[in-house]
Amino acid sequence: MSEVDPVGRFDLKITPEMRVATAGSCFAQHIARHLKRSGFNYYVGEKAHPILSPTVGRANNYGTFSARYGNIYTARQLCQLFDRCRLRFNPVEEPWIMPDGTVRDPFRPSIQPGNFISVDEMEADRAQHLFSVRMMLKKLDVFVFTLGLTECWESAEDGAVFPICPGVEGGTFDPDKYTFRNQTVPEVVEDMTEALRMLRGLNPKAQVVLTVSPVPLMASAAPDEHVLAATTYSKAVLRVAAQMLRDAHDFVHYFPSFEVITGNYNRGRYYADDLRNVTEEGVSHVMRLFLKHATTDGATTQKVAKKKPAPVQPNATLEAARAYVEVECDEVALDRE
Amino acid sequence: MKRFLVLGNSHTENLRAAAAQADGLDVQCDVRWVKLKADARFGDLRLDDAFAALKGLSADDVAVLSLFGTSHNVIGLLNHPRPYGIMEPGDPAENLGSAELIPHAALRSEIRAKLTQTATLSGLVEAAPCPVFHLAPPPPKADLSFVNKKSNYRGVDIAEAGFAPAQQRLKFWRLEQHVLDEVMTSLGGAAIAPPSEALTDEGFLAEPFHANDATHANLAYGKLVLEQLIAAAKITPEQVTAQ
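Residue numbers (the working numbering), protein chains in the order written: chain R, 1 to 337; chain E, 1 to 243.
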């Protein structure tokens, strides 16, 4: 099973000195984690201040991705982030004040454990963050982006997209203020094309790797839509859009991590017992192939060992998956509601 | 006779002197400087012996710790090569200037981790059969121009690094003491704030209480702390836990 290699055309070769940045949905956290320990020059543009220990830095989401943006699920969210970091878009949404008076950033509501102590602090941190994103776009050599969802909530006033429905992790849901959008293929392609244009405007040599998250939706806000059908729609749209973008741009590459995880050849064993989380065995398979195809000589391939499947024990698989591949997904907050 | 056992550090030397000079104390006050690390250069009591001394107290005695809460000095006294700033509620972002913001909550979690990552503090509190207090180290001094700039602080050349801005040092201290208070309360003890008579309106250590270096308070401060302890000694263990 671990020998299956669905990678077809993949022209990009990443050398050890090339700066690789990541963003995307929660599955992208796996990619970031493996890139960091596989000999790549994993680029972090927004580092924790050195007076914070590495443990505390990680707990405060420094280094989870290349900047402290949290999960970016949709093409529109990415496009707007790029627009915001270039100071071309300033959403009207006010900061979210929590019941204890602390403050969350509506566009990365779970980025700061314990929240910000004031609106001023949140805005200062946001300005610092957006500057780091701009620097990241200028300095990276390769940008790996994992497309996660098509469903999103946006401001009715200016179209600003949120990573999670307002009211779940802060803010108050108001149907007059927030509207649901389920992106279509043309919308995803248009948003991504604009994001790529902004990236290449700042960094003409940047290369881009697109992947599609294999993690299914936890819930759907689409009217009268079952979550299974909503997942199929979302993943189909993203997969088609990724193909179109790759075909349209010679600097865009598609890596089939979605196919590695979801392919029926593995009989579903790359999913944990909760049928959403991806097991470490599956992630290792993806990253082994990535190293094989994306490095100049495949020399670092051995750094991601083949993960031997653990003997199946009652309730053990999910626990093992959690232990090994715990990632922060905002959708988990939906379960708390 | 009621007994105070003070397990401290350099910041309790003024308390030791104050106790030695006090007349007619109706308590016995033992002030020891604990070596938190076996190879510590200064100190007169090994950590193992500190635990033993605590266990030897009776329920009527009072244990006073002054071992933690000094990160504001260790980390924050001098300018960092990567300048940073801390904000408190009400602070405008403009005050940061070009310094990098460290979110308050992130620094809070760092301080909490330092206090709780080893079992030393919780172990000391648990070892004592009596009320346990932790003294806040003296707050920062607003003006450090009197300090000899040719000296060094923990191996860093003061003249080269320069002292961190006074307001930043004060914010760091306030945050640290807030966390210390939370942790002590969670352990069933209590933190004792600096004597208010020794503070300026802004909360800095007032000049009459300065020792002749960047971080320490003097004998007059030690006397005020001793008065605080005598007042605290009247608190029952139940009251400490309830605080």
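Source of the hints: derived by calculation from the structure; they are not laboratory data.
Treat each hint with caution, since some may be false.
Claimed, not checked - To be clear about the criterion: a stretch of chain E counts as covered by chain R if any three or more of its residues have a C-beta under 8 angstroms from a C-beta of chain R, and this derived list gives those stretches:
| id | stretch |
| --- | --- |
| 1 | 92-98 |
| 2 | 174-184 |
Claimed, not checked - Calculated from the model, a selection of chain E residues having no Cβ within reach of chain R, i.e. all distances over 10 angstroms:
| id | residue |
| --- | --- |
| 3 | Gln28 |
| 4 | Glu207 |
| 5 | His216 |
The structure displayed is predicted, hence computed values, not measured ones.
All C-beta atoms, glycine included, are put in the ideal place defined by N, C-alpha and C.
Cross-check of the supplied hints:
1. A stretch counts as covered by a chain when three or more of its residues have a beta carbon under 8 angstroms from one of that chain; for the stretch 92-98 of chain E and chain R the count is 3, and the coverage holds.
2. By the rule of at least three residues with a Cβ nearer than 8 angstroms to a Cβ of chain R, the coverage given for the stretch 174-184 of chain E is violated, with 0 such residues.
3. Under the 10 angstroms C-beta cut-off, the non-interface status given to glutamine 28 (chain E) relative to chain R holds; the minimum distance is some 40 angstroms.
4. In this structure glutamate 207 (chain E) is separated from chain R by more than 10 angstroms, as the shortest Cβ-Cβ distance comes to about 29 angstroms.
5. With 10 angstroms as the threshold on Cβ separation, the claim that histidine 216 (chain E) sits away from chain R holds: the shortest Cβ distance comes to roughly 22 angstroms.
In summary, the one numbered hint that this structure violates is 2.
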